[in-house]
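Student: Chains as they are written, first to last, in our numbering: chain A, 1 to 358; chain B, 1001 to 1178.
Because the hints were derived from the structure by calculation, they are not lab data. These numbers were taken from a predicted model, which means no experiment stands behind them. Yeah, the Cβ is synthetic: ideal placement off N, Cα and C, and Gly gets one too. Treat the hints with caution; some may be incorrect.
Unchecked claim - Here are some, though not all, of the chain B residues that point toward chain A, as calculated from beta-carbon distances under 7 Å:
no., residue
1, Q1034
2, V1035
3, A1082
4, L1090
5, L1096
6, F1174
7, V1178
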Amino acid sequence: MKRTSCSRCTSSVFLKDSLTSNGKIYCEACAVDFLNETKASGQPAIFARNIDPSICALCGKDNTIGDFGFRKKLPLCETCGPKVERWPYPQWLRLSLAGLIILLAASLVHGRSYFHAGRELYLGEKLIKQAKFAEAEAHLKETVRIAPLSDKAVLLLAKAALLTGDVQTASKALQGHNDGNFEDGQSADFLEMKALWDRAIAAVGKINKAAELANQDGREQEAAKLGHEAAQQYPESPMLRYSARELDAAVAFAKKDYDGFLSIEQGSYAQHPDGSTAGGVANAWACKYAMTGDPESKRQAEEFFAKAEQLSQADPELQKEFEEYGPRIRYRIDSRQIITKREYDQKFRSHQKEKAAK
Amino acid sequence: MFFIPGIVITVLTFPGVIVHEAGHLFFCRLFGLQVYDVCFFRFKNPAGYVIHEVSDDFTAQFFVSIGPFISNTVLCVLFCTAAFLPVWELKIADPLAYFFYWLGLSIGMHAFPSTTDLKHLWERAPALAKKGNALAIVSLPLAGILVILNYGRVVWADLGYGILVGVLGPIAIFKALV
Chain A
1 MKRTSCSRCT SSVFLKDSLT SNGKIYCEAC AVDFLNETKA SGQPAIFARN
51 IDPSICALCG KDNTIGDFGF RKKLPLCETC GPKVERWPYP QWLRLSLAGL
101 IILLAASLVH GRSYFHAGRE LYLGEKLIKQ AKFAEAEAHL KETVRIAPLS
151 DKAVLLLAKA ALLTGDVQTA SKALQGHNDG NFEDGQSADF LEMKALWDRA
201 IAAVGKINKA AELANQDGRE QEAAKLGHEA AQQYPESPML RYSARELDAA
251 VAFAKKDYDG FLSIEQGSYA QHPDGSTAGG VANAWACKYA MTGDPESKRQ
301 AEEFFAKAEQ LSQADPELQK EFEEYGPRIR YRIDSRQIIT KREYDQKFRS
351 HQKEKAAK
Chain B
1001 MFFIPGIVIT VLTFPGVIVH EAGHLFFCRL FGLQVYDVCF FRFKNPAGYV
1051 IHEVSDDFTA QFFVSIGPFI SNTVLCVLFC TAAFLPVWEL KIADPLAYFF
1101 YWLGLSIGMH AFPSTTDLKH LWERAPALAK KGNALAIVSL PLAGILVILN
1151 YGRVVWADLG YGILVGVLGP IAIFKALV
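Working from the sequences, and respecting the hints, build out all of it.
Tutor: So this is what it looks like as structure tokens:
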């Protein structure tokens, strides 16, 4: 440890405890006095602490045989020198980092389904903005399958479904989400979906009422009017449009306007060829045949009857429908008698019900 | 606004302090600056520090001062991205996701450089900016904003920043990928 002498009091001090100002060395006590004097004169002195090259600046180790080498501006011992130049990362930090990386990788693998669901969610959201609702619905269904409690996904799915006229999917998604409860009942997304939902449900209510009226003889006109109101209220639904057309067909049937009846049923079949619409065309041709006895009408009725039977097999719901209306059309072709559903049921099915009741 | 002692917040978000100081150390090592002492975490103010030489090289000074802001922000986005979907969008109660979200937010909260870090930049940047030094030009507004945000810590600007980065970062990533 090196010593030096103070330029003011000439006392011997350790170099590390001395300071320098304007090339003069001071002990700590004299440095304070000198500073106070210069402060009073308005130009305070600037001091720098002297460095003892025989003492390590970091750990304070005394080099008894000479000076330590300077690394940049400081003398550092053989232990501290390399440490200061390249301070080591502690072992616990390295291990923590390694642990975090492993955990992050595990989380990414574990969260694959989340990323899939998230991708489908954002894709669905993007498609909704592009008004591609049917495409969006498919993607959002996948998100809701993985995350049925996601407000955003459920609201988007319900919106996409309602905008394609798919009330059933919307209803299923909403009921599967906390029984239809959402975190923010005042959010713009929720209110938008609710407005759509209310409109769709009101329209579905009207079409159900119209279907009830259509089953009552003589109220077909009233039913058709209500059906068209429903279709106009919820124009996104192809099912309501189809139902309204079917109610028009029922009016034509009631008025015995079988050409009008056939024209409406052919229009429905052209737009949506399935077991149900094929059955409608078969029914109309059967009426025409019953009225005119024209063999071409009979041939068409038979052709569409076979088509309806075949197409209905693809869907259990349609098959069930066919089992109900099929025998009535067959009766119409075979007997050339045009009777309503109610008349047919009274004539042929009332005893079946009684049998079933017994 | 309710008051929670700073030390409580610091303890609850301690990983952010460690990552911040590790960031300083990383950039010191990267630019070959001497480091005299490091504290990754302690129950005092400041909760961590790295004492290093003041470099004459502005680039080194810039990265040592601002580096932790960048690295903490990047790590916040990374960890929050891993957890963002189940926590925010999908509402899936996954403990691992919540752990990562806490980690990400903690790291994001401690992104701001200290006023001491910024002081060195603030002192040297104007002269270098006049000479056309790109980093100095960038660092002037950045340091200014960060100084303001540092003072904003009393009104939870640090937590606000963490949440902002931890939510908007992942959203930006996912939207860019889709």
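Student: Flag every earlier hint the structure violates by its number, smallest first.
Tutor: No numbers; nothing is violated.
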